[in-house]
Amino acid sequence: MTNTGGNDFDVAVIGAGNIGIAVAYYLVKNHGVKTLCLIDARDPMSLTSAQSGENYRNWWPHPVMAAYTNHSIDLLEEISRASGNRINMGRRGYALATRRSKPEDLINELFAAYAQDDARAIRIHEVGGLSTYEPPVSAAWEKAPSGVDVILDRALIRKTFPSFARDIATVLHIRRAGAISGQQLGQFMLESIREAGGKFVRANVTSIAGASPFRLMLEVGDAQTIVAADRVVNAAGPFIQDIARMLGHELPATCVYQQKIAFEDRNHAIPRNMPFSIDLDGQTIDWPEGDREILAEDPVAARLLAPMPGAIHCRPDGAEDGKWIKLGWAYNHTAADPHAAEPVDPQFPDTVLRGASRLNPTLKAYIGRLPRGAHHYGGYYTMTDENWPLIGPTDTPGAFIAGALSGFGSMAACATGEICAAWVAGSHIPGYAMKFSSARYQDAEFMESITTANKGHL
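Per the numbering used here, numbering through the sequence shown is continuous, rising by one, with the last residue being 513.
None of these hints come from the bench; they were simulated from the model. A few of these clues could be false.
Straight-line alpha carbon distances no greater than 27 Å define the calculated DSS-like cross-link-like pairs of lysine-lysine that follow [unchecked claim]:
#, residue 1, residue 2
1, K419, K378
2, K490, K510
3, K214, K198
4, K157, K214
5, K378, K157
6, K214, K89
7, K214, K419
8, K419, K198
9, K490, K84
From just these sequences and the hints, can you work out the full model?
What follows is the structure, encoded as structure tokens:
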């Protein structure tokens, strides 16, 4: 899409990642907005969206976040059906593994988040019981069960997840979860936006003047131009704070850089039918003595000698008959400047392999021997302290926010786009979504409850 004429728009969406594209898509689809532009200095979906883990899940400790992601999965399924599953939506679930026997706190969180909708959503599978557990044989999302299977039977765990370490005592198998192609999702939406008359403007926003209508100063190479818009949506990913300041307000969000690796699994260490698997338990990495000495000499790297958090994850990547796997570990909590050079940690591939081999011991074969062509990459988690998104009106009339989606941007893009589009159009907002606007910060009791709770951070 190109700007072929006319600089006056009903809505200007700043940011052409999956979130900005989704906002524009639902403005067009649900509200018939015709004069709309997407503005980004880069190609669509080429920054944070390009580094997506491309996973989705409805597992969240809080029922509001569970409702939000359930809604987004409904919309993903709608697009999958409409496009002949162009978005490659698959569903083998999330397998949350722990060495704890019957972890009551985790089970209680499941009941708090899901059972209020359906008491049968949580299924407990204990030793000696008549198990109704359905293993993830197929990746077809239409055939997958819903709810959560809590597997407490070690024999059943070993049978279903043969690559897992034998000390795993419990697996929480989240069934409405899996993988999508975030790039194909964005392309599908972009095509619909273009067909409806929406435009993509490749430019850098340097300033925003006035109120509705806003005057956006754009920089295209050495040239400058002005775009006018009655309403503005800030969907600028890691740069949402820049746009917010141009609009005259601050956002309670920071950027944290997280990393992943992907490589060809030549040793067949990970079964192709293994769900997205997360080791919930913290660990202290068993470094060789020589490595320990080297790490101890570096003030930054020395943190890798201390106890590390849980939530390291691994999954098969690509097609069912593919060979690649993907590993990630969001253990970094240090805020970074997205304008600076990416703080890539050269130690990360070795760190994540050693950590991931605790759940899947067959990965040890790759320590120090990653295949040629392995991909080490990263992206920014733009997030609030409570790890909830910011969706809705801002302190500047006519300006809206769709951001701070941390590590759940691709999976929640559809719901975020639909909610933000409804705010922009002045339409009905789902009850659960009211807590995603900045108004939540006026509710001290609510903020205390979500700030101190499990944030569902993976």
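- Message: Hints numbered earlier in the text: which of these fail when held up against the supplied structure?
- Response: 5, 6 and 8
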